[in-house]
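S.K.: Following the hints, position chains B and S against chain Z.
Chains as they are written, first to last, in the numbering used here: chain Z, 1 to 303; chain B, 1 to 338; chain S, 1 to 290.
In short, the hints are calculated from the structure, not lab data. All residues carry an ideal CB built from backbone N, CA and C; glycine is no exception. Worth double-checking, as some hints may not be accurate.
20 Å max Cα-Cα, derived EDC-like pairs, lysine to aspartate or glutamate [said to hold, decoys possible]:
#  : chain 1 : residue 1 : chain 2 : residue 2
1  : S       : 109       : S       : 156
2  : Z       : 138       : B       : 214
3  : S       : 109       : B       : 311
4  : S       : 109       : B       : 217
5  : S       : 109       : S       : 127
6  : Z       : 39        : B       : 133
7  : S       : 109       : S       : 74
8  : S       : 109       : B       : 214
9  : S       : 109       : S       : 99
10 : B       : 129       : B       : 209
11 : B       : 2         : B       : 209
12 : S       : 109       : S       : 131
13 : S       : 109       : S       : 136
14 : Z       : 39        : Z       : 293
Under 7 Å between C-beta atoms, here's a sample of chain B residues computed to sit facing chain Z [said to hold, decoys possible]:
#  : residue
15 : 19
16 : 20
17 : 21
18 : 23
19 : 24
20 : 143
21 : 146
22 : 147
23 : 149
24 : 150
25 : 275
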Amino acid sequence: MTAQQSPPRRTAAPRTEWIPAVGGRGGNPDAVWRVFLRKPATRLFGGIFAVMVLVSLVGPVFAGDPVTTKHPVLTPPSAAYPLGTDNLGRDFLARLLDGGQISLLVGFSVAAMCLTFALIVGGLAGFYGGVLDTILVKVMEFFQVIPGLVLALVAATLIGSNVTMIVIILGVTMWPGVARIVRAEAMRISQLGYVESQRAAGFPGLRILWSDVLPNALPPVLVATTMTVARAILAESGLSFLGIGDANRPSWGALLNQAQPYIASAWWMALFPGLCIFLVVLAINMLGDSLNDALNPSIGKVK
Amino acid sequence: MKAALLYYGRLLGSAVILLLVVITILFLLLEIAPGDPIQTLVGDVPVSEALRAQLTASFGLDKPIWERYVIYVANVLTGNLGVSFGTNVPVSDLILERIGNTIALAVPAFLISTTGGLVLGSIAARTRKGWLDALLSGGAVGLFSLPNFWLGLMLIMFFSITLGWLPTQGKAPFGQDGIALEYLILPVMTMASTELAYKLRIMRSGMIEALGQDYIDTARSKGLSSNRVLWRHALPNALLPMVTVSGYSLGFILAGSVLVERVFGWPGMGLLFIGAIERQDTFVVLGIVIVLTVTILIVNMLTDVVYGLVDPRLRAQFTRSAKPAPVEPADATVEASR
Amino acid sequence: MAFLQVENLSVHLPTGPRREIEAVHSVSLDIERGDRVGIVGESGSGKSITGRAIAGLLPTNPRVRVNGSIRFGDREMVGAPARAWDEIRSQTVGMIFQDPSTFLNPVMKVGQQVREAIPAARRSGRDAASDPRVLEVLALVGLPDAAQVAQRFPHELSGGMRQRVLIAIAIAKTPDLIIADEPTTALDATVQAKVLATLDDTVRQLGTALILISHDLAVVANMTDRVYVMYAGRVVETGTTRQVLTDPRHPYTQALLRSVRSLTDEDTELWSIPPDLRREIDELVTGGVR
Numbered sequence: 001m002t003a004q005q006s007p008p009r010r011t012a013a014p015r016t017e018w019i020p021a022v023g024g025r026g027g028n029p030d031a032v033w034r035v036f037l038r039k040p041a042t043r044l045f046g047g048i049f050a051v052m053v054l055v056s057l058v059g060p061v062f063a064g065d066p067v068t069t070k071h072p073v074l075t076p077p078s079a080a081y082p083l084g085t086d087n088l089g090r091d092f093l094a095r096l097l098d099g100g101q102i103s104l105l106v107g108f109s110v111a112a113m114c115l116t117f118a119l120i121v122g123g124l125a126g127f128y129g130g131v132l133d134t135i136l137v138k139v140m141e142f143f144q145v146i147p148g149l150v151l152a153l154v155a156a157t158l159i160g161s162n163v164t165m166i167v168i169i170l171g172v173t174m175w176p177g178v179a180r181i182v183r184a185e186a187m188r189i190s191q192l193g194y195v196e197s198q199r200a201a202g203f204p205g206l207r208i209l210w211s212d213v214l215p216n217a218l219p220p221v222l223v224a225t226t227m228t229v230a231r232a233i234l235a236e237s238g239l240s241f242l243g244i245g246d247a248n249r250p251s252w253g254a255l256l257n258q259a260q261p262y263i264a265s266a267w268w269m270a271l272f273p274g275l276c277i278f279l280v281v282l283a284i285n286m287l288g289d290s291l292n293d294a295l296n297p298s299i300g301k302v303k
Numbered sequence: 001m002k003a004a005l006l007y008y009g010r011l012l013g014s015a016v017i018l019l020l021v022v023i024t025i026l027f028l029l030l031e032i033a034p035g036d037p038i039q040t041l042v043g044d045v046p047v048s049e050a051l052r053a054q055l056t057a058s059f060g061l062d063k064p065i066w067e068r069y070v071i072y073v074a075n076v077l078t079g080n081l082g083v084s085f086g087t088n089v090p091v092s093d094l095i096l097e098r099i100g101n102t103i104a105l106a107v108p109a110f111l112i113s114t115t116g117g118l119v120l121g122s123i124a125a126r127t128r129k130g131w132l133d134a135l136l137s138g139g140a141v142g143l144f145s146l147p148n149f150w151l152g153l154m155l156i157m158f159f160s161i162t163l164g165w166l167p168t169q170g171k172a173p174f175g176q177d178g179i180a181l182e183y184l185i186l187p188v189m190t191m192a193s194t195e196l197a198y199k200l201r202i203m204r205s206g207m208i209e210a211l212g213q214d215y216i217d218t219a220r221s222k223g224l225s226s227n228r229v230l231w232r233h234a235l236p237n238a239l240l241p242m243v244t245v246s247g248y249s250l251g252f253i254l255a256g257s258v259l260v261e262r263v264f265g266w267p268g269m270g271l272l273f274i275g276a277i278e279r280q281d282t283f284v285v286l287g288i289v290i291v292l293t294v295t296i297l298i299v300n301m302l303t304d305v306v307y308g309l310v311d312p313r314l315r316a317q318f319t320r321s322a323k324p325a326p327v328e329p330a331d332a333t334v335e336a337s338r
Numbered sequence: 001m002a003f004l005q006v007e008n009l010s011v012h013l014p015t016g017p018r019r020e021i022e023a024v025h026s027v028s029l030d031i032e033r034g035d036r037v038g039i040v041g042e043s044g045s046g047k048s049i050t051g052r053a054i055a056g057l058l059p060t061n062p063r064v065r066v067n068g069s070i071r072f073g074d075r076e077m078v079g080a081p082a083r084a085w086d087e088i089r090s091q092t093v094g095m096i097f098q099d100p101s102t103f104l105n106p107v108m109k110v111g112q113q114v115r116e117a118i119p120a121a122r123r124s125g126r127d128a129a130s131d132p133r134v135l136e137v138l139a140l141v142g143l144p145d146a147a148q149v150a151q152r153f154p155h156e157l158s159g160g161m162r163q164r165v166l167i168a169i170a171i172a173k174t175p176d177l178i179i180a181d182e183p184t185t186a187l188d189a190t191v192q193a194k195v196l197a198t199l200d201d202t203v204r205q206l207g208t209a210l211i212l213i214s215h216d217l218a219v220v221a222n223m224t225d226r227v228y229v230m231y232a233g234r235v236v237e238t239g240t241t242r243q244v245l246t247d248p249r250h251p252y253t254q255a256l257l258r259s260v261r262s263l264t265d266e267d268t269e270l271w272s273i274p275p276d277l278r279r280e281i282d283e284l285v286t287g288g289v290r
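Just chain Z, with the same shape it has in the complex:
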């Protein structure tokens, strides 16, 4: 038998895929990214999302003043006022676009905050284990028991209700969800051989955590963070619907609150803000789903 390598035959041979040293999560990052981008769901909802973000960022510049009350009161959508006017004679389209900025800003800020806390707490708990883990898990449990909305309401009333406070409050109530996932992944990865050998070699724990454990824990964490953006936007809309928020810059939820007395007479005031929330949240959720599929491919359902 010759010892030389014969080139593998192309037919029927599976294409070699780099399986990362860590637990076979997905394939190599490039392949995952490409699969993700190719999915029709990604393109459709990514498009919707991008449009909405763009419009929210840029729209207010073109749309006119959301605060002036000089327009006729309560007119339905028309050529002059594409989304009608509200009960104080303000251009609704302008208000909607402005509101979008707040809703989206809060959503992303909260998610960023959650991710940070989650990586720190979850990473430490999962990697070090032991007493630290037990304590941190208790902390996470605590935040999950109290209904976030209720706590947020109480805190907002007592402490203040500007955008920053809302972001902080929501971040504080929502981070445990992501932290649990970070912890589970960190635990799984920390038990893998090559992490153990790094520990045995004497590498400082924090360094292993930062450069090896956390980066490999990212895939499911990214999916969870995406979903967190969606949930944060929904939570913020709930809070502002109940009146918590900056009165001068109402977000979509606050617009819905203002619309409530007029649902019989001005349907456009109740329809559009909610529709916007729905579209953005749906797009983000679908993107998260799509990302999840790309990371954990299953070759069809087995029934």
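M.R.: Leaving out everything else, chains B and S in the frame of chain Z:
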């Protein structure tokens, strides 16, 4: 038996600690809050010095923080949740009055979302029609992407205003005491929507995962029909995560009552809470939060207990009394060597 | 007519959204009643897939393609409807799987799982632990405390006991053929010997045909009369076990045997098989090697 007691004891202990922590945090939040408590108590009327002194004494506001904390905790634990500012009605009375209405929404919402999620999730998981699965699955995502209070508003707009089939607000016609069914429908639907969507997805993924397990192969190898494999092998395993999810969902449903009651003007605890927040009626606010937290803690504990009993892998901890372990087969190493 | 005749079997499995692999290529075997046949090969050789194809237990993914012929007597099974397969699996073919920790339903009592395997007893309402047929089967596989075992859940039993339960499930229907897919790979070495002895005993007592699939040559050597050697989805050599293992003709079989070290070998380098022999194999096969 001892193992069981220890387990339950630990659950209970955790719950109590959590409750104390919640109470403490609420108390601290109160302390941080800006504003003059006396002024808030009295409202818009200017306060005289004498009145201020009197109120301070009676509410114990002049005592050091530690004493106030202990008094507060002691009060809560004995059921004294303070009184409502302005009306002086004990908070516990107010809550008892309203809690029934909220439960009248929460329980049907819970039942509908759980059964609906179970049934639809199973259908989505096992159907061979890809479009049906996509419809149910995607529909679920759509449903929990909706702000449920907006769904409520849209339902009102459609069914009440446009079609006139159902009333818009309240729980019964004016003057009537109980709850009329047509008033119940829209709020319950709104409340159940997000949870149903969520449970559908959980059930679906639970089923799919169960169907991919190895023991399904063993079941098929016995020549069992695919239906039997589904109902007797996959389903029981898929239901396990549903137990925990459903149990915890009751907490979310209760918390969500705040929004739903606001939309429908439903006189339950949620509406009471909102009103109290607007009026800065502190004791009412805290009282409701405490009642809510206690309820959720109890529900979650019960869920954990039920799950422990339902999953045979955990059940062994509690119910195994003196069953002796089965005998290992006789040593056959001699026969095995050839 | 052979009890089981497999001709030119090929199985294609999906490996990605638009990719598939031919896991089994042109495999033929025949089994008579009471035959004891082994299928050996390394991981990925397609031996498990072949075994599963014979039992009709390939994944139900519609992208899985089976071509060729699998005949039980004169009954062609490739392309047969599900009910035909259900029948075959109910009466004729039993399968023993590899990992006792995952192949038993964790929430169902063991006795009930065994009883389900007996077609006649399936509808019985009685408690499975008191069903004499169940107890008999459990005793047969060397679980003397059958009544106790039947009441247990899988996680309450040891690995060896669980594997015996899997054997019990396979034989409970008194099948004509048992396919054992790596039945002892997941077990400790000491337990392996016991379980294999049990399997051997049982098969002998019942007179069942046996297809033993394993990568472990020693296991196959002890328990089979004939053997098929597989590599990369193809059968590369076949013959009586004694012949193939003492006088292998095919370079792969030779290589396989050479890479097994006995306890008494000293100072010899570990021999390993070069990475990809498919081209060589195809050349040799078309050149007329058995």
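S.K.: Each hint needs a verdict: does it hold in this structure or not?
M.R.: Each hint, compared with the structure:
{"no.": "1", "hint": "S:109 x S:156", "in the structure": "10 Å, holds"}
{"no.": "2", "hint": "Z:138 x B:214", "in the structure": "35 Å, violated"}
{"no.": "3", "hint": "S:109 x B:311", "in the structure": "12 Å, holds"}
{"no.": "4", "hint": "S:109 x B:217", "in the structure": "17 Å, holds"}
{"no.": "5", "hint": "S:109 x S:127", "in the structure": "10 Å, holds"}
{"no.": "6", "hint": "Z:39 x B:133", "in the structure": "18 Å, holds"}
{"no.": "7", "hint": "S:109 x S:74", "in the structure": "38 Å, violated"}
{"no.": "8", "hint": "S:109 x B:214", "in the structure": "16 Å, holds"}
{"no.": "9", "hint": "S:109 x S:99", "in the structure": "18 Å, holds"}
{"no.": "10", "hint": "B:129 x B:209", "in the structure": "18 Å, holds"}
{"no.": "11", "hint": "B:2 x B:209", "in the structure": "35 Å, violated"}
{"no.": "12", "hint": "S:109 x S:131", "in the structure": "13 Å, holds"}
{"no.": "13", "hint": "S:109 x S:136", "in the structure": "17 Å, holds"}
{"no.": "14", "hint": "Z:39 x Z:293", "in the structure": "10 Å, holds"}
{"no.": "15", "hint": "19", "in the structure": "9 Å, violated"}
{"no.": "16", "hint": "20", "in the structure": "11 Å, violated"}
{"no.": "17", "hint": "21", "in the structure": "6 Å, holds"}
{"no.": "18", "hint": "23", "in the structure": "11 Å, violated"}
{"no.": "19", "hint": "24", "in the structure": "11 Å, violated"}
{"no.": "20", "hint": "143", "in the structure": "10 Å, violated"}
{"no.": "21", "hint": "146", "in the structure": "5 Å, holds"}
{"no.": "22", "hint": "147", "in the structure": "5 Å, holds"}
{"no.": "23", "hint": "149", "in the structure": "6 Å, holds"}
{"no.": "24", "hint": "150", "in the structure": "3 Å, holds"}
{"no.": "25", "hint": "275", "in the structure": "11 Å, violated"}
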